[in-house]
Amino acid sequence: MIADLQQVYVERYGDVDVTPVDPAQFAAPLGYFVIGYLDGVPVACGGWRVNDELDGAAEIKRMYVVDSARGKGLSRLVLAHLETTAREAGLRRMVLETGLRQPEAIALYTSSGYERIDNFGVYRDHPESRCFGKSL
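All residue numbers in the sequence shown are consecutive under the working numbering, ending with 180.
FYI, nobody ran anything at the bench for these hints, they're computed from the structure.
Incorrect hints may have been included.
[As the list claims (entries may be wrong)] Ranges of calculated distance between the beta carbons of each label pair, as one might list FRET restraints:
{"no.": "1", "residue 1": "157", "residue 2": "46", "range": "21 to 29 Å"}
{"no.": "2", "residue 1": "171", "residue 2": "52", "range": "28 to 36 Å"}
{"no.": "3", "residue 1": "82", "residue 2": "128", "range": "27 to 35 Å"}
{"no.": "4", "residue 1": "54", "residue 2": "136", "range": "34 to 42 Å"}
{"no.": "5", "residue 1": "124", "residue 2": "86", "range": "12 to 20 Å"}
{"no.": "6", "residue 1": "145", "residue 2": "73", "range": "16 to 24 Å"}
{"no.": "7", "residue 1": "57", "residue 2": "131", "range": "30 to 38 Å"}
C-beta: ideal position from N, C-alpha, C; glycine also.
Work out the full structure, taking the sequences as your base and the hints as a guide.
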């Protein structure tokens, strides 16, 4: 699924997402990653990792739903699950970055209570990046 997600970035932005992501960052207790299945087939994923730059907020990474499973509310379920697991891990804030060419992601996050925050990290000076945050 991550390869499919990277292809979406290529189609929308002309290149893969080069944000540094180490799978070890998603290991408990400083991270979490979930894969959702329908009829035994992986169709949705997402994770969070602690972002020390933002006072230990949980940073959402690699949220994705395959084309064939879109429109079923799975992204909202994954997002709610990530928020719950971050809260259970003792984190009090979620942050994320998405791009202007992903209006469906922006709509999901804003309709879920996320508010625009200053761009952070590698996104700080990227004109097409939009960062959002939400208290848990």
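Hints, verified against the model:
1. 157 x 46: 21 to 29 Å: At 26 Å between Cβs, range holds.
2. 171 x 52: 28 to 36 Å: With a Cβ separation near 20 Å, residue 171 and residue 52 fall outside 28 to 36 Å, so the hint is violated.
3. 82 x 128: 27 to 35 Å: 20 Å, violated
4. 54 x 136: 34 to 42 Å: Holds: the Cβ-Cβ distance is about 35 Å, inside 34 to 42 Å.
5. 124 x 86: 12 to 20 Å: 19 Å, holds
6. 145 x 73: 16 to 24 Å: 34 Å, violated
7. 57 x 131: 30 to 38 Å: Because 31 Å falls inside the window, the suggested range holds.
Checked against the numbered hints given earlier, this structure breaks hints 2, 3 and 6; the rest are met.
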